[in-house]
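Q: Top to bottom, those sequences are chains H and D.
All residue numbers in the first sequence are consecutive under the working numbering, ending with 236.
All residue numbers in the second sequence are consecutive under the working numbering, ending with 235.
The hints are simulated quantities; they were obtained by calculation from the structure and are not laboratory data.
On a predicted model such as this, the values are computed, not experimentally measured, just so you know.
Warning: the hint list may mix true and false statements.
In silico lysine to aspartate or glutamate, EDC-like type, Cα no more than 20 Å apart, as pairs [what the hints assert, rightly or not]:
#1 D:Lys125 - H:Glu41
#2 H:Lys62 - D:Glu225
#3 H:Lys62 - D:Glu160
#4 D:Lys86 - D:Glu152
#5 H:Lys21 - D:Asp76
#6 H:Lys170 - H:Asp153
#7 D:Lys156 - D:Glu191
#8 H:Lys21 - D:Glu74
#9 H:Lys70 - H:Glu90
#10 H:Lys70 - D:Asp76
#11 H:Lys115 - H:Asp153
#12 D:Lys161 - H:Glu67
#13 H:Lys62 - D:Glu152
#14 H:Lys85 - D:Glu160
#15 D:Lys86 - D:Glu101
#16 D:Lys125 - H:Asp35
#17 H:Lys225 - H:Glu210
#18 D:Lys141 - D:Asp182
#19 D:Lys177 - D:Glu106
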Amino acid sequence: MSITYIIVDDESVAHDIIKKYCAMLPGMLLMQDCYDAIEAIEYLHKNSVDLIFLDLNMPKLNGFEFLKTLPHPPKVIVTTAYKEYALEGYELNIVDYLLKPFSFERFLKAVNKTFTDTSKPSNFPSKDVNEVDPKSFFLRTNNKHIQIVPDDVLFVEASGNYCKIVLKEETITVREKFSSILDYIPSDGLVQVHRSFIVARKHIRNIEGNQIGIGNYTVPIGKLFKAAIDRLLK
Amino acid sequence: MHLKSQVNPHFFFNTLNNLYGLVEQDTEKAQQLILKLSDMMRYSIYEGQNEWVTLEDEITYLENYMDLHRMRYHKTIDIRFDVDAEDRSIKVMPLLFIIMVENAFKHGVEKLRSGAFVHIVLKATTKIIEFDIENNFDIEEPCSSKGIGLNNLKQRLELVYHNRHELEITNKPDEIYTIRLSISL
Numbered sequence: 003m004s005i006t007y008i009i010v011d012d013e014s015v016a017h018d019i020i021k022k023y024c025a026m027l028p029g030m031l032l033m034q035d036c037y038d039a040i041e042a043i044e045y046l047h048k049n050s051v052d053l054i055f056l057d058l059n060m061p062k063l064n065g066f067e068f069l070k071t072l073p074h075p076p077k078v079i080v081t082t083a084y085k086e087y088a089l090e091g092y093e094l095n096i097v098d099y100l101l102k103p104f105s106f107e108r109f110l111k112a113v114n115k116t117f118t119d120t121s122k123p124s125n126f127p128s129k130d131v132n133e134v135d136p137k138s139f140f141l142r143t144n145n146k147h148i149q150i151v152p153d154d155v156l157f158v159e160a161s162g163n164y165c166k167i168v169l170k171e172e173t174i175t176v177r178e179k180f181s182s183i184l185d186y187i188p189s190d191g192l193v194q195v196h197r198s199f200i201v202a203r204k205h206i207r208n209i210e211g212n213q214i215g216i217g218n219y220t221v222p223i224g225k226l227f228k229a230a231i232d233r234l235l236k
Numbered sequence: 051m052h053l054k055s056q057v058n059p060h061f062f063f064n065t066l067n068n069l070y071g072l073v074e075q076d077t078e079k080a081q082q083l084i085l086k087l088s089d090m091m092r093y094s095i096y097e098g099q100n101e102w103v104t105l106e107d108e109i110t111y112l113e114n115y116m117d118l119h120r121m122r123y124h125k126t127i128d129i130r131f132d133v134d135a136e137d138r139s140i141k142v143m144p145l146l147f148i149i150m151v152e153n154a155f156k157h158g159v160e161k162l163r164s165g166a167f168v169h170i171v172l173k174a175t176t177k178i179i180e181f182d183i184e185n186n187f188d189i190e191e192p193c194s195s196k197g198i199g200l201n202n203l204k205q206r207l208e209l210v211y212h213n214r215h216e217l218e219i220t221n222k223p224d225e226i227y228t229i230r231l232s233i234s235l
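With the hints as constraints, model all of the structure from the sequences given.
A: Given below as structure tokens:
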């Protein structure tokens, strides 16, 4: 169970940063360091990968010209100091555009996006070589990164500057504000039922008065969110 | 004021990215480079406003710029900067040389996969300054920007060293680009 990637960048420290970040995540497998687009083309001629970290300003062939040469490009995360090419990047269907220098949190968001995006299933790595749930994502708690399958999420509870993510088997706490937690976890099938609670609709056991039974837990329904619940019941 | 040159912002962001990575691997080297970067920023922000600066300051500025470039690439690049100046306290126009050096990196070093070089010779007496820079480049690379920086430099030279300078640009067919600037003080 792994995600294979290459780095294409003419600056060596840029490689070190990405490698260090990837080492903090389970299952990320570096296949090759490429120091310009020509090296990457040579590598991809004989091999395939799930993901490319791509710089734009490189000798001979810039990042976008390189992308256009690939008949079936894998997922691409652009890493560059150039803010002005983002639009062109999205036209080429890149997953994310990271401006150097970027934090681990921002990087993580890009990686999560890469493998939770179901709009382009054809680009996703073939199932026979790995069993990654295409929708799984990473969350950081303390110094660990935990891979989470969206199916396991029962509900999310706000707790000051932190959020509790209650899963089927465990509860994890992440340092993220409730208001931005949906940037980090896929929102499909999630419903906000209270100022401080978001629940996964499919795990709701019962709804009684102003309470929801979910897994072995009971979650309150907020006044403002009654209407959303009523809509669920129709 | 608007004619005065500014170093390309991407240079700063790429340098910051390199420092971001280096801080952990080699703290001492990262600290040295942060000092160089600060010197460069201070110089281009403040000294660039002055009418005159010393040749010494200009030389340090170029050295910092090139040192920060040296750390960037995986490929090896050949950078030479020879200075022969009897008196480095002579006054010159600020940011006099940087555009030429920046061009050499932008069109040469950044575009070549290997074997890139930038050679600079600076000679100065109290009467004359001669600055020669040559770099190789990729002959197949389409020239994108049409020398805004160099035109800017030409205008500033016209204003400050009217009838006292010569700027000679040679684009040799053997993939070597040369600029010679001489100024009578």
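Q: Would you pick out the hints that fail for this structure and give their numbers low to high?
A: The structure breaks hints 10, 15; every other hint is satisfied.
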